[in-house]
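**Q** Sequences listed follow chains A and B, in order.
-10 is the number of the first residue of the first sequence in the numbering used here; add one for each residue after it.
-10 is the number of the first residue of the second sequence in the numbering used here; add one for each residue after it.
No lab work stands behind these hints: they were computed from the structure.
Among the hints, a few may not be true.
[Claimed, not checked] Sample of chain A residues facing chain B (criterion: CB under 7 Å; computed from the structure):
(1) 28
(2) 32
(3) 33
(4) 37
(5) 48
(6) 128
(7) 143
(8) 165
(9) 322
(10) 324
(11) 328
(12) 331
[To be verified] The calculated lysine-lysine pairs, modelled on DSSO-like cross-linking and capped at a C-alpha distance of 27 Å, are:
(13) A/97 with A/305
(14) B/298 with A/300
(15) B/298 with A/229
(16) A/329 with B/298
(17) B/11 with A/97
(18) A/70 with A/-6
(19) A/-6 with A/34
(20) A/268 with A/329
(21) A/-6 with A/300
(22) A/97 with A/113
(23) A/329 with A/113
(24) B/11 with A/113
(25) A/268 with B/11
(26) A/118 with A/70
(27) A/329 with A/118
(28) A/118 with A/-6
(29) B/298 with A/305
(30) A/70 with A/37
(31) A/97 with A/34
(32) A/38 with A/118
(33) A/38 with A/70
(34) A/268 with A/229
(35) B/298 with A/113
(36) A/118 with A/97
None of these values were measured; they are calculated from a predicted model.
Quick reminder that beta carbons are idealized off the backbone N, C-alpha and C, glycines included.
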Amino acid sequence: MTESKPLLQVGIDLGTSRSSISASNGQRHVVESYVGWPLDMVARKVLKKPVLIGQEALDNRSMLDLHRPLEQGLIKDNSEKDEAAVRELLWHLLSLVGVARDTRNGMKVRAVVGVPAEALRVNKQNVRKAMHDAVDSLMIVSEPFAVAYGLEALLHTMVIDLGAGTTDFCVMNGRLPTDEDQRTLTQAGDWIDEQLSRLTRERFPDARFSIHMVRAWKEEASFVGNSRAPVVVTVPVNGKPTQIDITQEMRQACEALLPPIVESMFDLLSRVQPEYQEKVRNNIIVSGGTGLIRGLGPRLEQELAAVGGGKVKVVKDPVFVGSDGGLSIALDAPDSDWEKLTG
Amino acid sequence: MEGSRTLVSVMPPSKPNVDRLKRRLLRDLVQQNVDLIHGLARRPLRPRRPPYLRLAGALALVLLSTALIGSTRLLSTLAASPAPPPPPASQALAASRDPSPLATLSSLAPLAPPPRGSRSPAVAADLPAPPAPPLDPAVLPLAVRRVALDAGHGGDSHGAQTPLGLLEKDLTLDIARRLRLLLEERHRFDVVMTRRDDNGISLAERAAIANRAGADIFVSVHVNWIEDRAARGVETYYLGPTNDPYLSRLAARENRDSGYSMADMRQLLDGIYAGVRQDKSRHLAEMVQGALFRSLGRVNPRIEDRGVKSAPFLVLLSTRMPAILAEVSCLSNAEEARLLARPLYRQYIAEALAGGLEAYASAARGVAAGNGS
């Protein structure tokens, strides 16, 4: 029998931008969701690795066939390379918490993986396929549900999980959220990057910058409302390092996210049973990396004033809140349930 | 401002209650995953009611079922002849003389009162509602006036492309522009374009444009790319899946022990309409596919009829009107690629699409006329 195998439970938040893992052995790690293979023999010689993952891949991207295998929180379709990249990413995450590739160190691994709220069946099947060899048992949950579960915000709560690829909404009514309780928007962190890049390029047509630089600017200085300080970045203009002020562009790009978020928030609120709407309005939780846009919580509260007011709380540790929630689920699910999810 | 950036410690329910809640959520979550493994459709998740409520709900269910069935019979009756008197449950409805079938359906809700003395109107929302009876799309004879045209891809999304640089996004835009002219000038439709030039636009935005415009039908124009380069022809999609006999059995099983509440009535009716929309979408796809195959066959004799198919295209999922996605040729096939490069062939495609849409609209008008509206 294999019952004596040591057991490891993990929660994984497979994100478009970053992926995190929380394990029952106490380890938590986050990696950039990038996977790259050396472009040629020379690159292989220089890099000395068959595949690079995370920040290392990003840093050496000029020598790599670089893939960001998740798009809007899902494995890109019809690309074997992206499927392979997801597998590499998953194995890398598992290796970070002590699971050796192929042998798994003789451990039995149970994983809970978060996917966007409105992921289609085929998307979930793709995740199952990618995870097939890596774990013994797998449970797939909607990301905002994992967040809500981890925070024990299970009743009369709305979770807005702002990631890079998607913004996921979920109203917790004390039951497993149905399609009616959840929404997914594709306007999220990456979308802000695109807006910011476009706006900056329009105003500074001679400036040279990449989307990676734009992402870094956003992570450093995103805000809605009033700026605390000018957002000034350095970029090459006609080959010369030049400081440009992108405060206005940053505000405009970040605030462009507000209308779809507010609309979805109101739409979901209106579907809550009337007697519970006030409770839900006063228990709105914003999670995810993009949720750290400065001033977002208060701004959403301002918008809620139109429907009677409410409270928005922003999770301070957005990087692990999804994977921690997944781990909580993995730990709470009884063995008998896990047995049903083997294979 | 920054005070809001505090970690949440949520919330009121006591620890035993939270634990109980978690156990129930986990049970449902595991079941959902088991269903996923076995390829089953998602189950509707509703809290189960106490037996006395389910009994009371059953009464409401019977009454509502009677009312709904009565309504569809009444509509059929009205369509056939004004002579026979309406059944009693529908008399109020008949008196209203409301010609709109949708208004008719919603006006039925008051015919099923909640059990007396047990619930206030707000709480009556907990009572189970009836399983939706099958609804003949013919009872919703809605005219087609506004067409949303969606030229596939655009901007950075090139779609399929040939080594010589023929891009799907350019072809679809050209065909959509030609089609727009035909529909507006020849067939007198209002036309809404999801994109008018080489703009990148998300699928959600495309659907939102059509929804906001109140389009009656949605047509997404695409050009196919098939690995087998010898393959060629046209195919048309509508939102599926409907070919899965399992879904019918599952729906029957789930409806038998439904925990739906009265508050879900609106959603149930929406669901009925969604079914109608799918039927109409399939019908629209059949009309367009037939027109494409017949018309293009005159100038492209080796064209293949690849059929009408259902598939979960997101752009079809998000639209609220009958919607199709037409793959009007195969760019992967060298001969069809050459044809697509010719403006005249693209005009033929636009003409064929216009013919299919007009045929569908005429059929809808015919149904409306037959219903005496």
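**Q** Does residue 118 of chain A pair with residue 70 of chain A here, judged by a C-alpha cut-off of 27 Å?
**A** holds (14 Å)
**Q** Mind checking the alpha carbons of residue 329 of chain A and residue 298 of chain B for me, to see if they're no more than 27 Å apart?
**A** violated (34 Å)
**Q** For the pair we were handed, residue 298 of chain B and residue 229 of chain A, check the Cα-Cα distance against 27 Å.
**A** Cα-Cα ~56 Å, so violated.
**Q** Can you confirm whether the C-alpha distance between residue 70 of chain A and residue 37 of chain A stays at or below 27 Å?
**A** Given that 27 Å is the threshold and the Cα spacing comes to 20 Å, the pair holds.
**Q** Does the alpha-carbon distance linking residue 118 of chain A and residue -6 of chain A stay inside the 27 Å limit?
**A** holds (24 Å)
**Q** Closer than 7 Å between Cβ atoms is the bar; does residue 328 of chain A clear it against chain B? Give me holds or violated.
**A** violated (10 Å)
**Q** Please work out if residue 97 of chain A and residue 113 of chain A have their alpha carbons no farther apart than 27 Å.
**A** holds (22 Å)
**Q** Hey, does the residue 33 of chain A contact hint survive, CB to chain B under 7 Å?
**A** Given a least distance of 29 Å, the restraint on residue 33 of chain A is violated.
**Q** If you draw a straight line from the CA of residue 38 of chain A to the CA of residue 118 of chain A, is it 27 Å or shorter?
**A** holds (25 Å)
**Q** Taking the closest Cβ pair, is residue 128 of chain A under 7 Å from chain B?
**A** holds (5 Å)
**Q** Does residue 324 of chain A pass the interface check with chain B, least Cβ-Cβ distance below 7 Å?
**A** violated (12 Å)
**Q** Next item in the hint list is residue 28 of chain A. Is there a CB on chain B closer than 7 Å to its CB?
**A** violated (22 Å)
Taken one by one, the earlier hints fail for this structure at numbers 1, 2, 3, 4, 5, 10, 11, 12, 13, 14, 15, 16, 18, 19, 20, 21, 29, 31 and 34, listed in ascending order.
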